[in-house]
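Trainee: Residue numbers (the numbering used here), protein chains in the order written: chain C, 889 to 998; chain R, 4 to 113.
Since the hints were derived computationally from the structure, they do not count as laboratory data. One should not assume that every hint holds.
When the alpha-carbon atoms are kept at most 30 Å apart in a straight line, the in silico DSS-like pairs for lysine-lysine are as follows [claimed, not checked]:
1) C:Lys985 - C:Lys961
2) C:Lys953 - C:Lys985
3) C:Lys985 - R:Lys83
4) R:Lys82 - C:Lys985
5) C:Lys945 - C:Lys910
6) C:Lys897 - C:Lys953
Here are a few chain C residues that sit away from chain R, every Cβ distance over 12 Å (derived from the structure) [stated by the list, open to error]:
7) Ser900
8) Gly904
9) Gln966
10) Ser970
11) Ala976
12) Ala995
Short derived list, chain C residues pointing at chain R, Cβ under 10 Å [stated by the list, open to error]:
13) Phe922
14) Gln933
15) Lys985
Glycine residues also receive a C-beta, built at the ideal position from the N, C-alpha and C atoms.
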Amino acid sequence: AQRVTQPEKLLSVFKGAPVELKCNYSYSGSPELFWYVQYSRQRLQLLLRHISRESIKGFTADLNKGETSFHLKKPFAQEEDSAMYYCALREAGNNRKLIWGLGTSLAVNP
Amino acid sequence: SQTIHQWPATLVQPVGSPLSLECTVEGTSNPNLYWYRQAAGRGLQLLFYSVGIGQISSEVPQNLSASRPQDRQFILSSKKLLLSDSGFYLCAWSVSVEAFFGQGTRLTVV
Numbered sequence: 889a890q891r892v893t894q895p896e897k898l899l900s901v902f903k904g905a906p907v908e909l910k911c912n913y914s915y916s917g918s919p920e921l922f923w924y925v926q927y928s929r930q931r932l933q934l935l936l937r938h939i940s941r942e943s944i945k946g947f948t949a950d951l952n953k954g955e956t957s958f959h960l961k962k963p964f965a966q967e968e969d970s971a972m973y974y975c976a977l978r979e980a981g982n983n984r985k986l987i988w989g990l991g992t993s994l995a996v997n998p
Numbered sequence: 004s005q006t007i008h009q010w011p012a013t014l015v016q017p018v019g020s021p022l023s024l025e026c027t028v029e030g031t032s033n034p035n036l037y038w039y040r041q042a043a044g045r046g047l048q049l050l051f052y053s054v055g056i057g058q059i060s061s062e063v064p065q066n067l068s069a070s071r072p073q074d075r076q077f078i079l080s081s082k083k084l085l086l087s088d089s090g091f092y093l094c095a096w097s098v099s100v101e102a103f104f105g106q107g108t109r110l111t112v113v
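Extracted from the complex, chain C is given alone in its bound form (with noise of 0.2 Å):
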């Protein structure tokens, strides 16, 4: 079964530090990958995704097809960068469902 696991509920870093949140997924096809973020008191919104292959407020995610995840990561963390994060996954043609982790909640102390 599809499946995406995030293993760490609370990552707590000191600002300035590398932070990176897991994501490891289990499914048999070309799955899309994403990381959704929820800052204090906003929606969850879209972080990046996969095949964008880019860099957002200094984040990027590369998938690694074979250890099967999809790490969150950023060299130099900001105290704004603190909130909850979800890695999901999206079914190759399926527009329908995104799979998602349990969320992981990241805390940048100063």
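Please build the complex by placing chain R on the supplied structure of chain C, with the hints as guidance.
Mentor: For chain R alone, kept in the frame of chain C given last:
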């Protein structure tokens, strides 16, 4: 531009009372519509999704139902609320890749 409205923002209802949460989308046609429940430690649980008027798919058995009376209107309902229905409910829409979320409704059943 597209917007999504979800109301009310908070709701306190007694056990056994009915529920109606409404979600409307503007600026797009024939969107896929979703109802999620977000709980700490449980991530995003997809409750219902709809690909068109009157077409509802239920993801989990529960005390809730959904309806789509118009193209851009999605309603989450219950005839008799249970204590376990308390939670944070999110409406979302998508037409292709990205999902857009409403502000959410905090439902407390007392």
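Trainee: I'd like to know which numbered hints this structure contradicts. Please list them from smallest to largest.
Mentor: 11
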